[in-house]
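A.B. asks: Chains as they are written, first to last, in this note's numbering: chain X, 1 to 491; chain R, 1001 to 1316.
Honestly, the hints are just simulated from the structure, not real lab data. For glycine and all other residues, C-beta sits at the position ideal for the given N, C-alpha and C. Take the hints with a grain of salt, since some may be wrong.
[Said to hold, decoys possible] With a straight-line Cα cutoff of 30 Å, these simulated DSBU-like cross-link-like pairs (lysine-lysine) come out:
no. : chain 1 : residue 1 : chain 2 : residue 2
1   : R       : Lys1233   : R       : Lys1059
2   : R       : Lys1059   : X       : Lys449
3   : R       : Lys1233   : X       : Lys102
[As the list claims (entries may be wrong)] Some chain R residues flagged as far from chain X (calculated, every beta-carbon gap over 10 Å):
no. : residue
4   : Ser1010
5   : Met1017
6   : Leu1018
7   : Ala1035
8   : Ser1050
9   : Gly1077
10  : Gly1227
11  : Val1248
12  : Asn1264
Letter by letter, the chains look like this.
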Amino acid sequence: MTAHFPILQVIIPLLAAPLCLFIRIPRIVGIFAILVSATAFLISCGLLQEVITGGTLSYQLGGWAAPWGIEYRIDKLNGYLLLLVSGVSTIVLVAAQTSISKELPENRHTFFYTAYLLCLTGLLGILATADAFNLFVFLEISALSSYTLIAIGTDRRALTASYQYLVMGTIGATFIIIGVGLMYMMTGTLNMYDLAERLPAVYESKTVLSAFGFFIVGVCLKLALFPLHLWLPNAYAYAPSITTAFLAATSTKVAVYVLIRYIFSIFGIEFVDMSLPLGDIFLFLGLTGIFVASVAAIYQLNIKRLFAYSSVAQIGYIILGLAIETELGLTATLLHLFNHALMKAAIFLAIGAVVYRIGSAQLSHYAGLGKKMPWTMAAIVAGGLSLIGVPLTVGFVSKWYLVVALLDKGWWPVAVLVLISSLIAVIYVWRVVEWIYLTPPRIITDEIKEAPMSQLIPIWILVLANIYFGVDTRLTVGVSKLAAQSLFGVN
Amino acid sequence: MTAIAITRMSDLFAVVMLSGIYSLLSASLFLDLDAVDVAFTEASVGAGISTLLFLATLKLVPRYEKKSRYKPTLALGVVIATGALLIYGTLDMPHFGEADAPVHQHVAPRYLNDSMNEVGIPNVVTSILASYRGYDTLGETLVIFTAGIGVLSLLMVSRRTKEKALQKVPADMQNQIILRVVAKMMLPLILIFALYVQFHGDYGPGGGFQAGVIFAAGIILYTMLFGLSLTQKVIKTEVVERLTAFGVLLYAGVGIACMLLGGNFLDYNVLRHDPVHGQHLGILLVELGVGITVAAVMITLFFKFTWRTVKHKYNQ
């Protein structure tokens, strides 16, 4: 049975999604979704364990050998991310049970869980596959289901936001498939590792160069790198809170994984160095993104939009680690992928709990909530501290590694800029704290209570994970380092 | 030319018609490139079903586009840059039809030479789609299912409105006698042709995708002429909705069955004692799964749009 783990990881949610339509009773579908996601999580634990001790796993779909058939290949990098995505998804689903009852009409609940499981299938499929075209297919599944998840709520503005995301996302996907097509034309293969072997022979050709160009732009649209981030703030702000928590924690992370996989495992770092000044471009866009988005976050009136802009800034840090082009830099990127997912999942779930109680995400409605909902508010603050990078939180660990990597490369002005940008994060987190604790409530509302346990428990699991992985970094730093080493070792 | 005309026009009805023509033209282009199966799909989906869906949407929105002052110069720049990069990329491409191009050297020879022994069906395209890369096709089916779920969840009409609206609003084309008679004669032929395409996909161009679309087109034609209430007597919305899921389950279920019989996921060889028979059975079943999901999703999409129209009229 364990030999089938790589495929079971993906097809269990895949089968579960259509089954939801046969169950139809919202409560049962919800519990069913948790069970499915938890199973995927357990499998991913087993996979990561096996990958770390036994090395890369390969699975031939349909029993056809690799370049002819499709291969699943689990190594340290995607094993680590499979664990992250399935883990966060499970925790978010637990909170979803109560949260969506306020934000979605009853008759849409089944569809919500179906779309959620489809999105999970898509993300896990992207991570597990070793086939360039298969990756595109699962990218489409995850993208289409995210458009649904965003638009499914009662907020009409979500429809426009989702449509905007659909247009941008489709352009991104088209660019990616053009890249894949051009590569296939030059090599005759779609398997990633086979591509890596056959591409060096055609490195010089203009076709491969434009394939790479299309590919990079397409993926950067998907991962919302500044200035291609325009779809993100509205989509996150108007989507149901559960959708925001899930997508913010996983979908952009998976897009970053795709970028890393293509750069390191397919094209190879030598090709990137000789073809495009990608490091410089990423350095420039990463830094501008951090500053522009952080400053934009300060001026937001909607707390979801505020943290959505903060997400764009955090993607800047992740890309900055890639721009360094060293093993240390890549470690910092991988660490921040994991850590940022924990922070944003915690923050957006906590915001979801507030929306559940007061039905609004306007910052001004948060006045005085520190007394009414102490645990939820403490969770938002803890997440905010982690975003700033205060010691004992995960944010500190990833910023630390990023700054060390920058200094190691000799880019100390960039390191200084990173520290300055953290101060901007202090400002926007402080604005939230000010509204929560220091502003007297405008309306006397006695009926506002603490969030229900079914939401507080998942929120606090994530908050404690933020602190735990900020202190005990063996798993995150250990696996990130191993993955970074193997990616640089391959080339 | 058609594409340029589409972007410049403000009459949406003409735009829809022109995009149908555009699809048909691309289908001919695909045919010219010897991609018969792709051409078939483009003709049935692009020129057929999507035109119908666009028309259904047009019933809900005004026919003419609003005048906008927005001049998208930046977008034009981006488009020109993209086009330039695409052309730049073609400079080093192998020539069209060249025998020693990489695509003909690496994986393709095995598909062409050995698929008859390994999979045992004459249409190589089908053996690649349904067997060698069968998992991609499962993914594509899931994409269609996902799209169906998206529309289902966004265009909900409550049962009570449905019942009330049905009594009040008759079919649109009650009086088009010629159309109704011709359609009645065509319908069995269309449905039988769909089944032929479905089960003959192993030998000639065709398969689940095309068959599903043709089948759905038949049902949609009937609905347009005879009204939703009559169609619903034969095809219940609830059943069709479940069928969208059933097709995916059938496909993935075949994969699971292969695993239970000791093979890898979607390894049809183990389904029967003889690997080639196993492949036959596996491909037959998964193509059926694709056909069911595609047809059910298309019909559902059309039903949902029609319900919207009915509700719209009823509310007026």
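A.B. asks: Would you mind marking each hint as holding or not holding in the structure?
C.D. replies: Evaluated hints:
With a C-alpha separation of about 24 Å, the suggested pairing of R:Lys1233 with R:Lys1059 holds against the 30 Å cut-off. Taking the CA atoms of R:Lys1059 and X:Lys449, the gap is near 47 Å; set against the 30 Å cutoff, the hint is violated. Using a Cα cut-off of 30 Å, the hinted pair R:Lys1233 and X:Lys102 is violated, with the two alpha carbons roughly 36 Å apart. For R:Ser1010, the non-interface assignment is confirmed: its Cβ lies about 20 Å from the closest Cβ of chain X, beyond the 10 Å cut-off.
Interface exclusion of R:Met1017 from chain X stands, the closest Cβ pair being 23 Å apart, more than 10 Å. With a closest Cβ-Cβ approach of about 20 Å to chain X, R:Leu1018 is found to remain outside the 10 Å limit, as its non-interface label requires. The beta carbon of R:Ala1035 sits about 13 Å from the closest Cβ of chain X, which is more than 10 Å, so the claim that it is off the interface holds. The beta carbon of R:Ser1050 is kept farther than 10 Å from every beta carbon of chain X, the shortest such distance being approximately 15 Å.
Residue placement check: R:Gly1077 keeps its beta carbon more than 10 Å from all beta carbons of chain X (closest about 14 Å). Once the 10 Å rule is applied to beta carbons, R:Gly1227 is consistent with being away from chain X; the minimum gap is 25 Å. Not every beta carbon of chain X lies more than 10 Å from that of R:Val1248, the smallest distance being close to 5 Å; the non-interface claim is violated. Look at R:Asn1264: its CB is around 5 Å from the nearest CB on chain X, not clear of 10 Å, so calling it non-interface is violated.
In this structure, the hints that do not hold are numbers 2, 3, 11, 12, in rising order.
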